[in-house]
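Trainee: Work the whole structure out from these sequences, hints included.
Taken in sequence, the protein lines are chains A and B. All residue numbers for the first sequence refer to the working numbering, where the first residue is 12 and numbers rise by one. All residue numbers for the second sequence refer to the working numbering, where the first residue is 12 and numbers rise by one.
Don't take every hint at face value.
[Stated by the list, open to error] In silico lysine-lysine, DSSO-like type, Cα no more than 30 Å apart, as pairs:
1. B:Lys13 x B:Lys379
2. B:Lys42 x A:Lys379
3. A:Lys144 x A:Lys82
4. A:Lys82 x B:Lys82
5. A:Lys144 x A:Lys282
6. A:Lys41 x B:Lys379
7. A:Lys373 x B:Lys68
8. A:Lys68 x B:Lys373
9. A:Lys282 x A:Lys253
10. B:Lys82 x B:Lys68
11. A:Lys68 x B:Lys362
12. A:Lys42 x B:Lys373
13. A:Lys350 x B:Lys68
14. B:Lys350 x A:Lys68
15. B:Lys220 x B:Lys68
16. B:Lys220 x A:Lys362
17. A:Lys350 x B:Lys82
Just so you know, these hints were derived from the structure itself, not from any lab.
2 protein chains.
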Amino acid sequence: MKARIDFIASGGVTSPAGFYAGATYAGIKKKAVTGLDLAILYSEMPCAAAALFTTNKIKAAPVLLSQEHLKTERAAAVIVNSGCANACTGAQGLADARETASIVATNIGINTEDVVVASTGVIGQPLPMGLMKAGIGRIVLSREAGHDFAKAIMTTDTVPKETAVTVRDGGVSFSIGGVAKGAGMIHPNLATMLAFVTTDAVVEPDFLKTALREAADISFDMLSIDGDTSTNDTLLLMANGKAGNAPVSAGGDLASAFQQALNEVCIYLAKAIARDGEGATKLIEVTVSGAASLADARLAARTVVSSPLVKTAVHGGDPNWGRVIAAVGRSGAAIEEAKTDLYIGNICLFKAGRPLNDNQEKAAAALKKSEIPIEVRLNLDEGTATAWGCDLSAEYVAINSEYMT
Amino acid sequence: MKARIDFIASGGVTSPAGFYAGATYAGIKKKAVTGLDLAILYSEMPCAAAALFTTNKIKAAPVLLSQEHLKTERAAAVIVNSGCANACTGAQGLADARETASIVATNIGINTEDVVVASTGVIGQPLPMGLMKAGIGRIVLSREAGHDFAKAIMTTDTVPKETAVTVRDGGVSFSIGGVAKGAGMIHPNLATMLAFVTTDAVVEPDFLKTALREAADISFDMLSIDGDTSTNDTLLLMANGKAGNAPVSAGGDLASAFQQALNEVCIYLAKAIARDGEGATKLIEVTVSGAASLADARLAARTVVSSPLVKTAVHGGDPNWGRVIAAVGRSGAAIEEAKTDLYIGNICLFKAGRPLNDNQEKAAAALKKSEIPIEVRLNLDEGTATAWGCDLSAEYVAINSEYMT
Numbered sequence: 012m013k014a015r016i017d018f019i020a021s022g023g024v025t026s027p028a029g030f031y032a033g034a035t036y037a038g039i040k041k042k043a044v045t046g047l048d049l050a051i052l053y054s055e056m057p058c059a060a061a062a063l064f065t066t067n068k069i070k071a072a073p074v075l076l077s078q079e080h081l082k083t084e085r086a087a088a089v090i091v092n093s094g095c096a097n098a099c100t101g102a103q104g105l106a107d108a109r110e111t112a113s114i115v116a117t118n119i120g121i122n123t124e125d126v127v128v129a130s131t132g133v134i135g136q137p138l139p140m141g142l143m144k145a146g147i148g149r150i151v152l153s154r155e156a157g158h159d160f161a162k163a164i165m166t167t168d169t170v171p172k173e174t175a176v177t178v179r180d181g182g183v184s185f186s187i188g189g190v191a192k193g194a195g196m197i198h199p200n201l202a203t204m205l206a207f208v209t210t211d212a213v214v215e216p217d218f219l220k221t222a223l224r225e226a227a228d229i230s231f232d233m234l235s236i237d238g239d240t241s242t243n244d245t246l247l248l249m250a251n252g253k254a255g256n257a258p259v260s261a262g263g264d265l266a267s268a269f270q271q272a273l274n275e276v277c278i279y280l281a282k283a284i285a286r287d288g289e290g291a292t293k294l295i296e297v298t299v300s301g302a303a304s305l306a307d308a309r310l311a312a313r314t315v316v317s318s319p320l321v322k323t324a325v326h327g328g329d330p331n332w333g334r335v336i337a338a339v340g341r342s343g344a345a346i347e348e349a350k351t352d353l354y355i356g357n358i359c360l361f362k363a364g365r366p367l368n369d370n371q372e373k374a375a376a377a378l379k380k381s382e383i384p385i386e387v388r389l390n391l392d393e394g395t396a397t398a399w400g401c402d403l404s405a406e407y408v409a410i411n412s413e414y415m416t
Numbered sequence: 012m013k014a015r016i017d018f019i020a021s022g023g024v025t026s027p028a029g030f031y032a033g034a035t036y037a038g039i040k041k042k043a044v045t046g047l048d049l050a051i052l053y054s055e056m057p058c059a060a061a062a063l064f065t066t067n068k069i070k071a072a073p074v075l076l077s078q079e080h081l082k083t084e085r086a087a088a089v090i091v092n093s094g095c096a097n098a099c100t101g102a103q104g105l106a107d108a109r110e111t112a113s114i115v116a117t118n119i120g121i122n123t124e125d126v127v128v129a130s131t132g133v134i135g136q137p138l139p140m141g142l143m144k145a146g147i148g149r150i151v152l153s154r155e156a157g158h159d160f161a162k163a164i165m166t167t168d169t170v171p172k173e174t175a176v177t178v179r180d181g182g183v184s185f186s187i188g189g190v191a192k193g194a195g196m197i198h199p200n201l202a203t204m205l206a207f208v209t210t211d212a213v214v215e216p217d218f219l220k221t222a223l224r225e226a227a228d229i230s231f232d233m234l235s236i237d238g239d240t241s242t243n244d245t246l247l248l249m250a251n252g253k254a255g256n257a258p259v260s261a262g263g264d265l266a267s268a269f270q271q272a273l274n275e276v277c278i279y280l281a282k283a284i285a286r287d288g289e290g291a292t293k294l295i296e297v298t299v300s301g302a303a304s305l306a307d308a309r310l311a312a313r314t315v316v317s318s319p320l321v322k323t324a325v326h327g328g329d330p331n332w333g334r335v336i337a338a339v340g341r342s343g344a345a346i347e348e349a350k351t352d353l354y355i356g357n358i359c360l361f362k363a364g365r366p367l368n369d370n371q372e373k374a375a376a377a378l379k380k381s382e383i384p385i386e387v388r389l390n391l392d393e394g395t396a397t398a399w400g401c402d403l404s405a406e407y408v409a410i411n412s413e414y415m416t
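Mentor: Below, the structure is given as structure tokens:
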């Protein structure tokens, strides 16, 4: 029997059993639009944990500390602040991250090593430890506060990003929930963002790791807002085992259902980040099929979705398909002009190397929608991949011209 | 004795002896701001010629034809149109480019194979051959019309880009002139642009090739406007030998003076393209020194100058040095945070891994200027490179949202 996966209405990171959250306004952000800038996620049972971090060679202090703590492959709580990235802050930054974890551990009554720390905001400013300490002391944990957690981790995001699913497979039932923040400094290789995914399933630690890698490969890694990879990227998956199922393991009965549900949660969050990119008015979904390899398909899809000229054309509702072809051509992926087909908004504009410019008006109409599918069929072999991004607007420039000052 | 290199006042592509140009409005562009959209460059003696073309796998018809013609390493004329790229136009596009060369050859009385063809503009539209033919017939060649040539090849450029130098070395004197168009779809690996460089020096063909590669490496290849590489990039160097010097050759007496002068012309044009990038208000010059290798320095400099977040910060006058460090960190170049120094507008903001945030105000003042030097000292080894680009403004979005329609 096929597993059944259902989205939970108003689901979030505390939808799986045994997870709690809480948030407060600590004053780290001068203006916190959501009224919150510091949050804790907590599991009543210690979790098997897997994580992926930024590929940037400059890693923020919280990333360095969390990598150290997660060597145990165990976590019980996450503390996140927005407004200050605690990056490029040297030894003091690392000491501050360590102290943050320690305060949280003491307050909740868990080991410091079981606390993951994440920060997002301006680079190069010291973490205001007085505000952090006072803030942590004010946080009250509850089963409902997953939504507050989602709001507290936002920076230039305009909407919180959260979801959850229940999985029923045979007699077993468990949930997966997730929350993310995005908006800027978002680019493949773990798109720049914070994302926390929780599950009450019992999951074998090695499988947890490979499942997270697989889900990230087809979700957050296929996401670009602006080509800049941040110093603070963190994707954390925590499984607390409260559902009491036989452990999900590679090749086991529940592996495929768990993977599929995890993929859906991660893709949902990645698309939510793309849709809410800084200044974005449209979600762009680029599918490259028929590529010479999977690697080529991924490369081409990510290059098209990252192209400033494709992004501005979509913004202006201009079916300038030449920019899409040019982006594939520069991506490094194999392409033969005479074999290539191209669709914008499901309208074919280039077929086997010939322009179909009579379809421009139909494509222009399709570009008025808020979700823009772009499909490039290379017709070489079977490589297929999908990437997500957003249009580039004057608002992006406005947001980023005056972010720090 | 050291060679003397002097810029020629109002110099251009026809400053070297024996070069002629002419331009007209053929009607290919609906609105030609400069009143011109078709131009010819011609040498009264056939030239030794070297060229570099786009690395994009989708190459426009004029690029394919010019590559074919330049197998002879000889050229006598160049025909350039703006307003239509003749790219993704299949067999008809190639036939149109071939016919264009043939008409020019017949009109001037030279071999078709000695004509280089270049096009710039929208991708996927057929070249209007009726307008091309009529236009070519109207073009009158003169020694003065280098300036008209510079205007006719512009697309979204706001100013023509041209320069020339005279070189005096021992008893020998010769000139090098150059012209370029840029503005958008500009990214390293032969930045997306057309550039034509002329000299009346006698230059041995093999040296001409290596000299052009060296000059491009430190000029056009270190230039980025928007990360998109076009299908039509062409950099052509023509030497007609009219100066009558003993051939410039590798290791010969004039090699170093020729190379230096060629570098200066190419860097001048590359900087002019950066300064006039679509929507640009500031020139950004990024120097990375002390890198582990030259390759690392080039990679890091190009990544910083291409970063949308660095570009928007410069636009807004925001000394957000964290974005510069983050860009170096994601570039792939080796970096040790604790050894790194960073300067914006010659103001130090990060020294040996420590923020100097007290200098922010001074840096903000420096960012009000129109040329913004950014320097990253990695203090690892001796790799040094400089890259050029421009800020990212709302005007860039406006220009590219409505380019085609």
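Trainee: Next step is simple, just say for each hint if it's right about the structure.
Mentor: For each hint, the structure was consulted:
1. B:Lys13 x B:Lys379: At roughly 38 Å apart (the allowed maximum being 30 Å), Lys379 of chain B and Lys13 of chain B break the hint.
2. B:Lys42 x A:Lys379: holds, 26 Å
3. A:Lys144 x A:Lys82: With Cα atoms ~26 Å apart, Lys144 of chain A and Lys82 of chain A stay inside 30 Å; holds.
4. A:Lys82 x B:Lys82: Distance ~59 Å between Lys82 of chain A and Lys82 of chain B Cα, so the pair is violated.
5. A:Lys144 x A:Lys282: violated, 34 Å
6. A:Lys41 x B:Lys379: holds, 25 Å
7. A:Lys373 x B:Lys68: Since the Cα atoms of Lys373 of chain A and Lys68 of chain B sit roughly 28 Å apart, the hinted pair holds (cutoff 30 Å).
8. A:Lys68 x B:Lys373: holds, 28 Å
9. A:Lys282 x A:Lys253: holds, 29 Å
10. B:Lys82 x B:Lys68: holds, 19 Å
11. A:Lys68 x B:Lys362: holds, 18 Å
12. A:Lys42 x B:Lys373: holds, 25 Å
13. A:Lys350 x B:Lys68: holds, 13 Å
14. B:Lys350 x A:Lys68: holds, 13 Å
15. B:Lys220 x B:Lys68: Holds. Lys220 of chain B to Lys68 of chain B sits at ~22 Å (cutoff 30 Å).
16. B:Lys220 x A:Lys362: violated, 38 Å
17. A:Lys350 x B:Lys82: holds, 27 Å
Violated hints, in rising order: 1, 4, 5 and 16; the structure is consistent with all others.
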